[in-house]
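S.K.: So the chains spell out like this:
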Amino acid sequence: MTVLSFLAIDPLLEGDLLWTPLLIVLMKVLVVFVVGLVATMLMVWFERKAIAGMQNRIGPNKAGPFGLLQTLADGIKLFFKEDLLPEKADKFVFRLAPYLSFVPAFLAFAIIPLGGDFRDGNGGFVTWFGETTRVQLADPPVGVLFALAISSIAVYGIMLAGWSSGSKYPLLGSVRASAQMVSYEASLGLSLAAVILVCGTLSTSGIVDAQSSIGSWNLVATGIVPFLIFLVSATAELNRPPFDLVEAEQELVGGFNTEYSSIRFALFFLAEFMNTITMSAFIVTLFFGGPQPITIGDTTLDIPLVPNGLEGTVWLLLKVIVFLYIYVWFRGTLPRFRYDQLMDLGWKFLIPASLGWFMLLAAQRLADDRGWDQWIVVPLSLAVIIVAFMMMQLAFRASDRNREAEGVQF
Amino acid sequence: MGYLGGFLVTVRQHGKRNRVTTEYSGGRMFRRGKKESRDEKIEKPERLHGRHVLNRYEDGMEKCIGCELCAGVCPAKCIYVRGKDNDPANPTSPGERFGFVYEINYLRCIHCDMCVEACPTEAITETKLFEFSFTNRRDAIYTKSELLVDDSGKPQHLPWEDWRPGEDLHTSGWMRATSPSGDADFEGVVAWSGELGYGVRAAEAEQSERDRH
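Chains as they are written, first to last, in this note's numbering: chain P, 1 to 410; chain Z, 411 to 623.
None of these hints come from the bench; they were simulated from the model.
Being a predicted model, the structure only gives us computed values, none of them experimental.
Among the hints, erroneous ones may be present.
Stated by the list, open to error - Straight-line Cα separation of at most 27 Å, BS3-like style, residue types lysine-lysine; simulated pairs:
| no. | chain 1 | residue 1 | chain 2 | residue 2 |
| --- | --- | --- | --- | --- |
| 1 | P | K62 | Z | K564 |
| 2 | P | K49 | Z | K564 |
| 3 | P | K49 | Z | K494 |
| 4 | Z | K454 | P | K62 |
| 5 | P | K62 | Z | K554 |
As the list claims (entries may be wrong) - Computed footprint of chain Z on chain P; a stretch qualifies when at least three of its residues, placed anywhere within it, have a C-beta under 8 Å from a C-beta of chain Z:
| no. | segment |
| --- | --- |
| 6 | 56-68 |
| 7 | 134-145 |
For every residue, glycine included, the Cβ atom is placed at its ideal position computed from N, Cα and C.
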């Protein structure tokens, strides 16, 4: 009893403690961590293979079957490399920074519903060893906010890495990174607000639960625009091409991680790919029903021979792979943005557009509550948004002209 | 399609059989007798600058006379030569002196072929062998024992080199890349020097003819 209370397992000293919930939580932590690592490894392989296919190359094919173990080989190599610490670096922050970017990448994964039975009003609960639980490490009531908060903390990792390197290019890279990530966080949050408005909950499992068929997927329910904005902002938030100005090789050598080598570099690398996976899973959770099976009308596509509890995981995996491919596709297709183009897209287009769409959804909901005619309210709001957008464009043009008159060039 | 057309271009490349990659694994697969396509060497350009060889005359004499012109002209300062007087009773080279020490540091060599052009006796030429393998800086220095050709004019097959049939062809012949007088229009009339064991290589096709391919 005293030992248990010492370990804070039973803070209310009620006794009657069952070890199963604790073991289940520990098991979940382990599974999420290991799955995260293995998924990252496979993601690196997948990206290299897929992009090689797009560029008429072969990609890794020597280590293991189809080159699957290439990432493992690279990881082992990085482990055994010399760990360099620049003389001008701020030693403590330099050592801390990789963890600041690596830990949030895994933390964010904790709130993604990884499976479970969402059919027939089961709400994603499964029963393991007589214990009813979700296939999700944690389901805080503010899950979505948690994800946003964690993704902002990841900025610190990159910013401090560049700053503490005591070198010019990493500093420039990290300044770019912080500006970019802070800017796109705004449109990310605003397009997320549309989802929260439609679902009426901040909990990720609640959001999944609300999307029981294709018609009620948030993709459709929020009218596609928030999804597109979210996808673009997420790409920018992840610093992936075409928004990878943070590590623009032609301008910045390697960007914020130029001075890093060995396992510290591996941590950054891991975090980057882990974030890609987490963000894909997050998009699937928010807009595509997460582990929900695909339901059109009344017919539910069922994967034969797989029990319902496990089927959710399979669906999630399939949906996530689609988005991982889309990220690779972006990288294989689009050239990198110029920095002012990036800022223009973020501030002058994505933020106003997501804000406008959020207002539209709010108006539509208000009309719904008050019993106003939807067919008048929605077109009217759309018209107002379009007029406002055009006026904003006029203002931008005027400011461009003024700048030109002043002789400012950019 | 506008902006989105590019996405179709990339996704269409999947599964196309127009890969430019040739799978070369340093001869590991080739030696095990695996399929040729898994360890394939592409045809090398006619003027490829690879590892050097020190040539011999038909009678087995070394061509190198230890004049150090190659060392002097080397822009990377990777050649070290020391000459020594020939023993009159048992000469190593037909001249007065011979290359007693001849070392090339392949960590420095940029394969510019200046040494080949500078050599008055065509003693040093470049082969098309390109496999270099060393795990320390000492091993990167090739000495006479690695560079000298055998009596039939063939370069030595070093243990780490992946030789395929025909690999040792065209090792001792050389040609001038530019005209002797610096004439920019000079083309199509260059010929290769004779090679021990192989005779004279056919002259390259004229520029206009090569451009047609």
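S.K.: So, for every hint listed, does it hold in this structure?
M.R.: Cross-check of the supplied hints:
Of the pairs offered as hints, the one joining K62 (chain P) and K564 (chain Z) is violated, with about 33 Å between alpha carbons and a cut-off of 27 Å exceeded. For the hint linking K49 (chain P) to K564 (chain Z), the alpha-carbon distance of about 42 Å lies beyond 27 Å, and the restraint is violated. A threshold of 27 Å between alpha carbons decides the hint, and for K49 (chain P) with K494 (chain Z) the separation of about 58 Å lies outside it, so the pair is violated. A C-alpha spacing of about 24 Å is found between K454 (chain Z) and K62 (chain P), which places the hinted pair at or below 27 Å, so the restraint holds.
For the hint pairing K62 (chain P) with K554 (chain Z), the CA-to-CA distance comes to about 36 Å; that exceeds 27 Å, so the pair is violated. Note: the segment 56-68 of chain P has 5 residues with beta-carbon separation from chain Z under 8 Å; the three-residue rule is met and the coverage holds. Evaluation of the coverage hint for the segment 134-145 of chain P: breached, as 0 residues show C-beta separations to chain Z shorter than 8 Å, against a requirement of three.
The structure fails to meet hints 1, 2, 3, 5, 7 from the earlier list, while all remaining hints are met.
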